[in-house]
Amino acid sequence: MLEVRDLQVLYGSIQVLWGVSLRVEKGEIVTLLGPNGAGKSTLMRAISGLVRPQAGTVELLGARIDGLKPHRIVEAGLVQIPEGRQIWGDLTVQDNIELGAFAPAARAQLARSLEWVYTLFPVLVQRRRMLASTLSGGQQQMLAIARGLMSRPRLLLLDEPSLGLAPQIVEEVFEILIRINEEGIPVLLVEQNVDFALQIADRTYVMENGRIVREGTSQALRATDEIRAAYLGLRVDPGS
Amino acid sequence: MAAFVQILIGSVLQGGLYALGAFGLSLSFGVLKILNLSHGDFLMLGGFGGYFALVYLGLNPFVSAIVLGAAFFLVGIGYHQAFLARLSHRTPQGLLVASVMVTLGTALAIEDLTSFLSGGAPVGIPYRLHSLTWGGAVFPVLRLILLAATLILTIALYYFFSRTFLGRAVRASTINRDGALLVGINIRRIALFTFGLGTALAAGTGVFYATLFTVEPFMGLALALKYLAVIVVGGMGSLPGVFVGGLVIAAAEGFTAYYAGPRWSPMVAFAILVAALLLKPQGLLGRE
Amino acid sequence: MDDRDIALSTARDARAVHSVRPYWFLAALLLAVASATPWIGSRYHVSFMFLLCMHLAMAATYDIVGGYMGYINLGHGAFFGLGAYVYGATVLRGGNPVLGLLLATTAAGLFAGLVAVPVFRLRGVYFAIATFGILKLLEVLAANLEPATGGTPGLSIPPTPSTLPTFFLMLAAAVAAVGLSGWICRSRLGLGLITVREDEDVAEVSGVNTRWIKRRMFMLSALIPGFVGGTYMWQITYVDPVSAFGFEVSFTPIIMAMLGGTGTLAGPVVGTVFLTLVEELLWSRLGYLQLTMYGLVLVFIGLVMPGGLMRSRPFAHVYRVLAIPDHYGYRSGRRRP
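Protein chains in written order, with the working numbering: chain A, 1 to 240; chain B, 1 to 288; chain C, 1 to 337.
In isolation and in its complexed conformation, chain A is listed as follows (with noise of 0.2 angstroms):
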């Protein structure tokens, strides 16, 4: 589905991310983890089109989208729900959502988009009205997604949807992102909460300082021993 090779980014002549690669299945709930400026943002960037890679693809069913404008990307069918959802707070929620929608090919579809999405967050129905601002966290963050999937995406990418919300809130979104996935849209999830992002995910990708360290299914990591003591605070005993 989708399939990263060999990225290369630089910020300047600062290098960011060291060849990194990864893919996405069919289906599947894939997620990074890593920490604090590892580069999983830059990643996302990249991917998405707002920055440029140097060197290596980028594949969405086989077809190259690495050095394509964003807008394209989006037409293309990957859609990111960015690092601090991005939205526009002075417009209505119900704005915000519409112009999700606003490449030809997704407007043409958008009564029925707009359905769904509703279907899936029936917190917005109820706001649609009110200026996105007012909205709380958790429910600015659900909108970012209900404004993503308004472009009928086929792969959603996410970078850090946790960010900031309750633990109470963060099992509603990632329980409607376990919906989403199975509606047939696979995910890749940027995330720092490892716990959660472990639990949905099929398989996992740990990157550190710009470069893939770690690959493998959330039960496989789970139990590696960097993973519990650097992310879960669990002290290693040399025996275990």
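The set of hints was computed from the structure by calculation and includes no laboratory data.
Please read all numbers here as calculations on a predicted model, not as lab measurements.
Please note that a few of the clues may not be correct.
[What the hints assert, rightly or not] With beta-carbon atoms standing in for the labels, derived distance ranges:
1) B:Leu57 <-> C:Arg211: 53 to 63 angstroms
2) C:Pro118 <-> B:Met1: 31 to 41 angstroms
3) C:Pro159 <-> B:Leu113: 49 to 59 angstroms
4) A:Glu208 <-> C:Val117: 43 to 53 angstroms
5) C:Gly151 <-> B:Gln6: 28 to 38 angstroms
6) C:Pro165 <-> B:Gln6: 12 to 22 angstroms
All residues carry an ideal CB built from backbone N, CA and C; glycine is no exception.
Given the coordinates of chain A, work out where chains B and C should sit on it, guided by the hints.
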């Protein structure tokens, strides 16, 4: 009292003209993050165009405003493509320097060329209609019609920006560019359109401006500064704020001219601009 | 690697310093020739050099705040105009030229200090707009405050018999301005300025006292222009709002600095010399469309080489040959599609 009312009405009209002219500047700053210092020159060119349209083609200002508006829409797009589009790939510091250079340079060139070609004297469109008298105050019909035209245009813009897809997309792009990019909005095209619209508004307003007052070749930069005052007072990033700002500045100028003398009114806008920037940069309705 | 590292690293590798001996020799030679102008050249040459030094002094001092520190001070000409008016007012009230120059310089510095506090709350475009607004404000004030400034017709003072003192004063100002630039190039203070330009927040948390630096450099950059304004008034004996604060006099040095390359030592020098020469040549042929030429030059550099002549490829070779102290590129690299 009659004088007060007359000044007030004059201010509404003047303010409306300022707002329409400044609107394009606010838009282009919001979408492109570029401050177009040559914006005022398009108003000036519109004014000159309206003059020639009347004198050589016999077109009345209302018609020429529409025609010139449409023509300058294309000019704006061309200008953006030729000069500004390349700048969008620069870093913020680089963009700032480059955009100041390019827009300032264009402004200087346009102003100087116009002065050279036209002889440099101020030009006014000699189109007059009759006047109405009511309660001791004199209301020229021309002004009333222009006022109405300004109001209609304002309402049209309001509808455009709150109801249409394109209008909302433009607003979204000014609020959050990344969000817009990620949602499939073709920022490039939005930028083009926005710039064209802003330039068209400036030129059309210029025709009105030349009918009420005069335009002269070197007014552009000072006018751009005045527009900035309008935008800053109303609040950067706020489109309705532009109209509030226009009204405030126009009223301030009108009353200053009446009570302190006309030679002090040019200073008013600049003083307000500097004061606003230093004291309350977000303006009255602003966001940033 | 995050934004902080990028900013610090850029500032650091922006400060390579080469050996400077050939450069000193050339500069000394030029200075000797320039000083001899009143004796080896005609009256025309003297006034040309006068103008050149004036532009150079203004351009180089603009560059301190505009180029090294990255704050585009469109109102830089205000210091000049202020200096001219203060000198004129002093002399009209019986002061001698030395007092006039002293007061002119001080007034400019004080004005800068006063304005610095509120104006540096702004950044980027807003700062540029505010400084531009202040310039325009001063122009209108000069036209309106008749008793002090003579209003629109301006101020006139009695002429002086010899052009020698003003010539050397202007030359000294230009040398001082370039020297100041050069000193900044190599000092720790200069590095601080550049970090402010590259990323002010990072500079602040890295221990650079940004508020102090901004204020001080702003004031510093005002002194020589004030002096230049006073000297100008001494020589030309006449000033009015337009010639003190107008576009031509205020933007010309900025354009010259940008053409040559802001934030570089040789940039303002090259830009000034080049444009002044071109201006003189064209002026003698055309006499008009000067501003148009400036405008087109500006557009051209803005589009093609916003870093100025000094940062373009062909000049890199000239650099190496002359071993001119290196410059500080702000990267205009690609960042988003």
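Quick rundown of the hints versus the structure:
no.: 1; hint: B:Leu57 <-> C:Arg211: 53 to 63 angstroms; result: 59 angstroms, holds
no.: 2; hint: C:Pro118 <-> B:Met1: 31 to 41 angstroms; result: 39 angstroms, holds
no.: 3; hint: C:Pro159 <-> B:Leu113: 49 to 59 angstroms; result: 36 angstroms, violated
no.: 4; hint: A:Glu208 <-> C:Val117: 43 to 53 angstroms; result: 46 angstroms, holds
no.: 5; hint: C:Gly151 <-> B:Gln6: 28 to 38 angstroms; result: 29 angstroms, holds
no.: 6; hint: C:Pro165 <-> B:Gln6: 12 to 22 angstroms; result: 57 angstroms, violated
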